[in-house]
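All chains should be built: construct the whole structure from the sequences, respecting the hints.
Just so you know, the protein sequences line up as chains A, B, C and D, in that order. So that you can map any letter, position 128 of the first sequence is 128 in the numbering used here, and since no number is skipped, the others follow by simple counting. So that you can map any letter, position 212 of the second sequence is 212 in the numbering used here, and since no number is skipped, the others follow by simple counting. So that you can map any letter, position 276 of the third sequence is 276 in the numbering used here, and since no number is skipped, the others follow by simple counting. So that you can map any letter, position 128 of the fourth sequence is 128 in the numbering used here, and since no number is skipped, the others follow by simple counting.
Heads up, a few of these hints could be off.
In this list, chains with the same sequence are indistinguishable; a pair is considered to hold if it fits within one copy or across any two.
[As the list claims (entries may be wrong)] Calculated cross-link-like contacts (lysine-lysine; reagent style DSBU-like; alpha-carbon spacing at most 30 Å): (1) K20 - K321; (2) K20 - K59; (3) K257 - K59; (4) K98 - K59; (5) K186 - K162; (6) K257 - K313; (7) K98 - K257; (8) K162 - K257; (9) K321 - K199; (10) K145 - K354; (11) K321 - K98; (12) K257 - K321; (13) K199 - K257; (14) K20 - K145; (15) K313 - K20; (16) K186 - K257.
For the record, the hints were derived by calculation from the structure and aren't laboratory data.
There are 4 protein chains.
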Amino acid sequence: MSNIFGNIFRLTSFGESHGKAIGGVIDGFPAGIAIDENFVQQELNRRRPGQSTITTGRKEPDAVEFLSGIYEGVSTGCPIGFVVWNTNQHSSDYDNMKDVFRPSHADFAYFQKYGVRDHRGGGRSSARETIARVVAGALAKLALKEIGIRITAFTSQVGALKLNEDYTHYDLNLTESNPVRCPDPKLAQQMEELIFRTKGEGDTLGGVVTCVIQGCPAGLGEPVFGKLHAALGSAMLSINAAKGFEYGQGFSNMEWKGSQQNDLFYNQDGHIALRTNRSGGIQGGISNGEDIYFRVAFKPVATVLMEQPTVDKNGNETILKARGRHDPCVLPRAVPIVEAMAAMTLLDYYLLNKTTRL
Amino acid sequence: MSNIFGNIFRLTSFGESHGKAIGGVIDGFPAGIAIDENFVQQELNRRRPGQSTITTGRKEPDAVEFLSGIYEGVSTGCPIGFVVWNTNQHSSDYDNMKDVFRPSHADFAYFQKYGVRDHRGGGRSSARETIARVVAGALAKLALKEIGIRITAFTSQVGALKLNEDYTHYDLNLTESNPVRCPDPKLAQQMEELIFRTKGEGDTLGGVVTCVIQGCPAGLGEPVFGKLHAALGSAMLSINAAKGFEYGQGFSNMEWKGSQQNDLFYNQDGHIALRTNRSGGIQGGISNGEDIYFRVAFKPVATVLMEQPTVDKNGNETILKARGRHDPCVLPRAVPIVEAMAAMTLLDYYLLNKTTRL
Amino acid sequence: MSNIFGNIFRLTSFGESHGKAIGGVIDGFPAGIAIDENFVQQELNRRRPGQSTITTGRKEPDAVEFLSGIYEGVSTGCPIGFVVWNTNQHSSDYDNMKDVFRPSHADFAYFQKYGVRDHRGGGRSSARETIARVVAGALAKLALKEIGIRITAFTSQVGALKLNEDYTHYDLNLTESNPVRCPDPKLAQQMEELIFRTKGEGDTLGGVVTCVIQGCPAGLGEPVFGKLHAALGSAMLSINAAKGFEYGQGFSNMEWKGSQQNDLFYNQDGHIALRTNRSGGIQGGISNGEDIYFRVAFKPVATVLMEQPTVDKNGNETILKARGRHDPCVLPRAVPIVEAMAAMTLLDYYLLNKTTRL
Amino acid sequence: MSNIFGNIFRLTSFGESHGKAIGGVIDGFPAGIAIDENFVQQELNRRRPGQSTITTGRKEPDAVEFLSGIYEGVSTGCPIGFVVWNTNQHSSDYDNMKDVFRPSHADFAYFQKYGVRDHRGGGRSSARETIARVVAGALAKLALKEIGIRITAFTSQVGALKLNEDYTHYDLNLTESNPVRCPDPKLAQQMEELIFRTKGEGDTLGGVVTCVIQGCPAGLGEPVFGKLHAALGSAMLSINAAKGFEYGQGFSNMEWKGSQQNDLFYNQDGHIALRTNRSGGIQGGISNGEDIYFRVAFKPVATVLMEQPTVDKNGNETILKARGRHDPCVLPRAVPIVEAMAAMTLLDYYLLNKTTRL
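Right, dumping it as structure tokens:
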């Protein structure tokens, strides 16, 4: 339940921030897919800490090592095991948090649930766990590429700074041209400065990541409880610090009536096409062949490097000043994670959909 | 996958809008719970069509009939099968939609996926399917009551009309005092008028439902992929017309920094307590003992009773004027459905959490 | 877990022996399959009580009523709900067993597990539950027919009377020509007499059912934990009174060495073929294209109509003389149930196998 | 599906015979269990190759390395990742089998299913995969020990040599006193000689493992499709070379009638007890508090070191003389694997059973 993602394509992940390794096993990966290990490493590099001045200073190569399931460069249909070794833990940074709960962090809830916890670096609740997702997502992308599905995420808001237009107004190729991963270079510059300044204060920021899925065929999605947007929503809400998910018009434009919201079908050169895509590419929980797009809200990182009142596990009040290396804003590094979760979801649903007819 | 909800507590639902019946089977319901069938029927009555002038005119008793799993008024641990017979179908209303796709409806996507579809009343894509959820949710509520968990949802926005304050400012007992299910009677009156007026135009409206879960113990939620808010999000996004989900601060207050967002622990008479609840009762995916609250966005109903251009299954362009009885706004009837999905999720996670320790 | 069978094709079953109905929901049935309801009823008739002098005297039509998922005679891909109403319960027959545990029956174990039980007719532990399996299995057979898979079971042993040769020596078309369902008419006659005689003594008998699956393509089966024979074994062991499962050579011929057991490949007119089929059509957990065959052991029915010492739920010793209508031997009626479980397993694995490659 | 075992306690396994490592991830292991890593290694040593003259000559330390989920010697409730590195592969031994199918081996079926395969050492179909099971089973045993459940398996038959009495007649502590793992030292000696002689001929043998579970509380087992014996059967049939499973009286004593088979309840000093245990500790799919016992049939190892006619992947007939290091009989090493699968099943069902009541 907890550490297994997916129905047919399934990732089982493991590892803590300051344990020996982060890793996972992918079950249900289709046989016969060429595995470009360099591509997987590049995806990991996109989420790697220390990639710019606005991310955590933890410096690690985060090199993936595949242990099974690939033979002569091709997936065999057997489970793909992999590890990424942890090499740069500074566990003593966390000594003062061993028995103290960081405000708005998972510390307290984990302790309530399990009665024991590995406090070092946040243990299992650390976003370092998402390494396993990025590896699995990269493999999913390789499979999706063969069926023409492309996934692109970008930062659309940091603090109060946000893109004013929807994704169709931007050149998404510019996303990777700046450390914030925002396709508007000018706004990206402002976002970067804001994050840098906030980091200097020991404080943190939230924001929004937008994701676009192109080339998705119609028919993916299991109606009722397995709706495609419910699966995407669940996947996105499983990312650390995520607070909200919306697709299509989402929470916006509530003043619009049905007659204004509806996307109209027409005949475009012999094919059924849509004049607008306010639905976000999914209708009745099933993809309709249009671009799928959605937005994910992230809260500010809970660990601020400032003094905060809190309590220890015995209820004694105390003042905590967190140490350790933390991102002032998850957004830039959340972008490849959002893509990875989307890729795994899409591949899983693509495979599921093959069982719809004999 | 598609029609089965939950991990331990599992609802399998079936039925189409104009088929013989809607029903379901609940597997994993705990043994020894007293089943108050009147309460279940009352919950169904809250979602029943025709309950006011602002809902669909379809008139049905929607009486639940339990077929198994209950003996002498107590659950036996065996699966609880139930049916609600359809009695008021007007299938001929849908004759002109047999081969024509309603804009922004599930019609087209279902046809792409399955190659066949029961078009009458929307078939399986109709919100009539949620009858099964309300029955199962009512049973879940009966079990949750024994452990002190209470779930209350209400309409917080219709079109552009919205509550200005958060849920703590309202008397939630007023929710059921008006047909819109809004705890602010004055705003409720305006909402009702807006819906009634829009219905008269043949048009439809969207809105937002807010839900509050009180009395939830700390420790519920499976970290990583089974986070409690991811499960709630997935459950809510499985409801017809849902477009977004957020909990705690969600998409709001993005200008707030971490030091402003964080909820601070303190010692309240010997217990660990929180000064604020911006996290929404969940931290690291696990409940922390505070109120859980979240919001669900619903789009306007796709079926408007106005002429709309569209195409048929052969791609021929045509003009459709839908008939049939449709809600002008799903909000009032979505309230008990949101509660039902929340109740099933909470009971499922409560049971799951029992396996955390030996 | 408990009442849901399958991975992609999933049956959720419900109902007790003396409740209102037995029924189920099939999720994941492929869209576009023609549903011959007469065939389903015929299969139910094969398991119906009272079909001969050697089965239980309970007389019921066991007529299936489909509630959803079929439109104009074709499966829609939506869940197929169905019920079979109970009409001939004699619950008072069980009054003396309300608080008393029948020896070797599920009574005691259910009570230990759940703390409550519906004792009437064995409640949920009654083989009457298998009605749901036979309905779902019949639908699975209709789908399998389209891909050329045929399933035939028969009685190969009753008490000490058994077939001396393997299935290839008999005309399996003779199976349905006698009430015992044994393809050797002479032995069938002896078996029938033995059962009839034992019934007269108020006693019961066990036996063995053999099942053959023909036309199964190579490649079905998920290696490691989802081996095809493990899935078949689990399915068969879920049938009431089943005590053992073996496929291929099973527990037999242990004196044979590997060089004697191995099935040799050769080139038969350009195709890879096997000279023998001691493996039983499955190698490494995956079908190899040969006939699959296996055997299921059933113990004598626990409920004998003789006085037996036992205890009540308070531990008081007592003498029980069971009443009610019981089969003296499950074998004849187990045959269609074995076929149904095999059909569901095969269809499930056929669908699963479609996800092996992109 | 394929490589994930269990419902609550879940093992995901990975690795091929000649890949980098065998490993796995355990999700759902209860928090707070003391982990004795030495015990885990001892269990691995029991299945290690090269442990005697009658097992494969492959010599490896098979040392387990835990990567996560354990902190300060105690399980944290987080997934437990582990690896065992492969160090003694002789892949060139398999060069002549790259495109040739070994008779009765998984080679052909894997190739039919996946279109690609890692032929070296049998790849994923090698019993070397069971390393992951033994590690996970050892952890499960540590948890079961805390609730008083003990699991003991032993060799009860090799070729035609078999124990004449049931398990209650032997001192099971003698099992580990000889390389065959048979509790009758005299018969063990004969079995060892038979295996040694057969190995000298390049041939192989099958046999039977018996397993006894003591101290299991009443109430474990999910009726209908999740019967405890169905779960055990599925687990055992997932072991390489397994051909059959039976519990209690199984396929034996078919001449016994119900009145002879039934186990009678009586009052033993105020407790409900049974005079016999022919049911094998499970009634209606649920444990009844008595010893659970079952038997597993294993066929002779398919890879014989003799010339055998076969075909290659293009259908060309050829003569294969297998090389490589193979067990002449799986029995001695299957014993700890049977125990491991039983331990995982029992722990999983123990945890599941906690959800039966609120």
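Hint check results:
no.: 1; hint: K20 - K321; verdict: within (27 Å within a copy, 44 Å between copies)
no.: 2; hint: K20 - K59; verdict: both (16 Å within a copy, 27 Å between copies)
no.: 3; hint: K257 - K59; verdict: between (51 Å within a copy, 25 Å between copies)
no.: 4; hint: K98 - K59; verdict: within (23 Å within a copy, 43 Å between copies)
no.: 5; hint: K186 - K162; verdict: within (11 Å within a copy, 35 Å between copies)
no.: 6; hint: K257 - K313; verdict: between (52 Å within a copy, 26 Å between copies)
no.: 7; hint: K98 - K257; verdict: between (53 Å within a copy, 25 Å between copies)
no.: 8; hint: K162 - K257; verdict: both (26 Å within a copy, 16 Å between copies)
no.: 9; hint: K321 - K199; verdict: within (15 Å within a copy, 57 Å between copies)
no.: 10; hint: K145 - K354; verdict: both (17 Å within a copy, 19 Å between copies)
no.: 11; hint: K321 - K98; verdict: within (13 Å within a copy, 61 Å between copies)
no.: 12; hint: K257 - K321; verdict: between (50 Å within a copy, 17 Å between copies)
no.: 13; hint: K199 - K257; verdict: between (43 Å within a copy, 11 Å between copies)
no.: 14; hint: K20 - K145; verdict: between (33 Å within a copy, 28 Å between copies)
no.: 15; hint: K313 - K20; verdict: within (26 Å within a copy, 43 Å between copies)
no.: 16; hint: K186 - K257; verdict: between (35 Å within a copy, 22 Å between copies)
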